[in-house]
Amino acid sequence: MSKQKQIVLAIPPEAAYISLARLTASGLANQLGFDMDAIEDIKVCVSEVLNETISTSSDIKEPITLCFDLTKDGFEVLISRDMLQQSALFTSETGQFALSILETLMDRVILSNDNAGTICLSKTTGRSVPHG
Amino acid sequence: MYQFSIDRETDAPKMVLTISGEIDLFAAPEFREKLYEAVSDVSADVVLNCRDLSYIDSSGLGILLGALKRVRQNSHQVYIRYLKDSIKKLFIITGLDKAFVLEDVQ
Chain R
1 MSKQKQIVLA
11 IPPEAAYISL
21 ARLTASGLAN
31 QLGFDMDAIE
41 DIKVCVSEVL
51 NETISTSSDI
61 KEPITLCFDL
71 TKDGFEVLIS
81 RDMLQQSALF
91 TSETGQFALS
101 ILETLMDRVI
111 LSNDNAGTIC
121 LSKTTGRSVP
131 HG
Chain B
1 MYQFSIDRET
11 DAPKMVLTIS
21 GEIDLFAAPE
31 FREKLYEAVS
41 DVSADVVLNC
51 RDLSYIDSSG
61 LGILLGALKR
71 VRQNSHQVYI
81 RYLKDSIKKL
91 FIITGLDKAF
101 VLEDVQ
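Taken in order, these protein sequences are the chains called R and B. In case it helps, our numbering puts the first sequence at residues 1 to 132. In case it helps, our numbering puts the second sequence at residues 1 to 106.
In case anyone wonders, no lab produced these hints; they're calculated from the structure. Owing to the predicted nature of the structure, the values given are computational and were not obtained by experimental measurement. The reader is advised that the hints may include incorrect statements.
[What the hints assert, rightly or not] Part of the chain R face toward chain B, derived, beta carbon under 7 Å:
1) 15
2) 16
3) 18
4) 40
5) 47
6) 48
7) 51
8) 94
9) 97
10) 98
11) 100
12) 101
13) 104
[Said to hold, decoys possible] Pulled from the structure, derived: some chain R residues nowhere near chain B, Cβ distances all over 12 Å:
14) 5
15) 28
16) 65
17) 69
18) 70
19) 81
20) 120
Even for Gly, the Cβ is constructed at its ideal location relative to N, Cα and C.
Using the sequences provided together with the hints, build the complete structure.
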């Protein structure tokens, strides 16, 4: 995926701001020409990552950064938070639900072992899309 | 925002709970408290009317599963009605479609 544009959103690590990220993701997905089903899938998956990121490390106060890379045929979102331990993610019962949802609905899910605990989600429309 | 109401069907001994709006991690604590209180010691099958439920995530699914466990302790079942396709997909992915009884009755 070659990047064309990038949108960066930083939110406090609080559940109240997940809906803001969800709205941002769905707005971008709509702009990219994803169909309604895919937009719903993207909303759900961004929320699931944030749920895990917030609920498994509530003691960390650093903001969560969402970096949306718009590409020719879709987008990638990199969700990261300093000090986050990847090994703590997706271990609870709801975490297992979340991981199943991510792996089913997104084209690609990558859990990085870097210091920022980055999670990469990507989805393509299956066709080249123009960016306005 | 989500809304939650409790009603009892007049033609059957089932307890009907209506859930609408969006249930995410922010709404989860209050939703959990209200739902568990509603199904505690219930001696009837429970119906969740989800016609106007527009969004639910894994935290909400986990709460529904917790409610199911409570209802089953009293040998009853939870029926989920009128799920939107986008939400039913999450039940199928997580295997919860096998735990609950999903209905599309009119």
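Hint check results:
Residue-level restraint check for residue 15/R holds (minimum Cβ-Cβ distance to chain B is 4 Å; threshold 7 Å). Hint status for residue 16/R: holds, given a least beta-carbon distance of 5 Å to chain B, under 7 Å. The criterion of a C-beta within 7 Å of any C-beta in chain B is met by residue 18/R, whose closest approach is roughly 6 Å, and the hint holds. Hint status for residue 40/R: holds, given a least beta-carbon distance of 4 Å to chain B, under 7 Å.
With a cut of 7 Å, the hint placing residue 47/R at the interface with chain B holds, because the nearest CB-to-CB distance is about 5 Å. With 7 Å as the threshold, the beta carbon of residue 48/R comes within range of chain B, its nearest partner Cβ sitting at about 6 Å, so the hint holds. A cut of 7 Å between beta carbons decides the hint on residue 51/R: the least distance to chain B is about 5 Å, and the hint holds. At a threshold of 7 Å, the smallest CB-CB gap from residue 94/R to chain B is about 4 Å, leaving the interface hint in force.
Hint status for residue 97/R: holds, given a least beta-carbon distance of 4 Å to chain B, under 7 Å. The beta carbon of residue 98/R comes within 4 Å of a beta carbon in chain B, closer than 7 Å, and the hint placing it at the interface holds. Restraint check, residue 100/R versus chain B: the minimum CB separation of about 5 Å is within 7 Å; hint holds. Annotation: residue 101/R was flagged as interfacial toward chain B, and the flag holds, the nearest CB pair being 5 Å apart, inside 7 Å.
About 5 Å separates the beta-carbon of residue 104/R from the nearest beta-carbon of chain B, less than 7 Å, and the hint is met. Every CB of chain B lies more than 12 Å from the CB of residue 5/R, the least distance being 27 Å, so the non-interface label holds. Every Cβ of chain B is farther than 12 Å from the Cβ of residue 28/R; the closest lies at roughly 18 Å, confirming the non-interface assignment. With a minimum CB-CB distance of about 18 Å to chain B, residue 65/R clears the 12 Å threshold, and the non-interface call stands.
Distance check on residue 69/R: its Cβ is at least 24 Å (rounded) from any Cβ of chain B, clearing the 12 Å threshold; non-interface status holds. The beta carbon of residue 70/R is kept farther than 12 Å from every beta carbon of chain B, the shortest such distance being approximately 23 Å. Non-interface call for residue 81/R relative to chain B: holds, since the shortest CB-CB distance, roughly 15 Å, exceeds 12 Å. Even its closest Cβ contact with chain B, about 19 Å, leaves residue 120/R beyond 12 Å, as expected for a residue assigned away from the interface.
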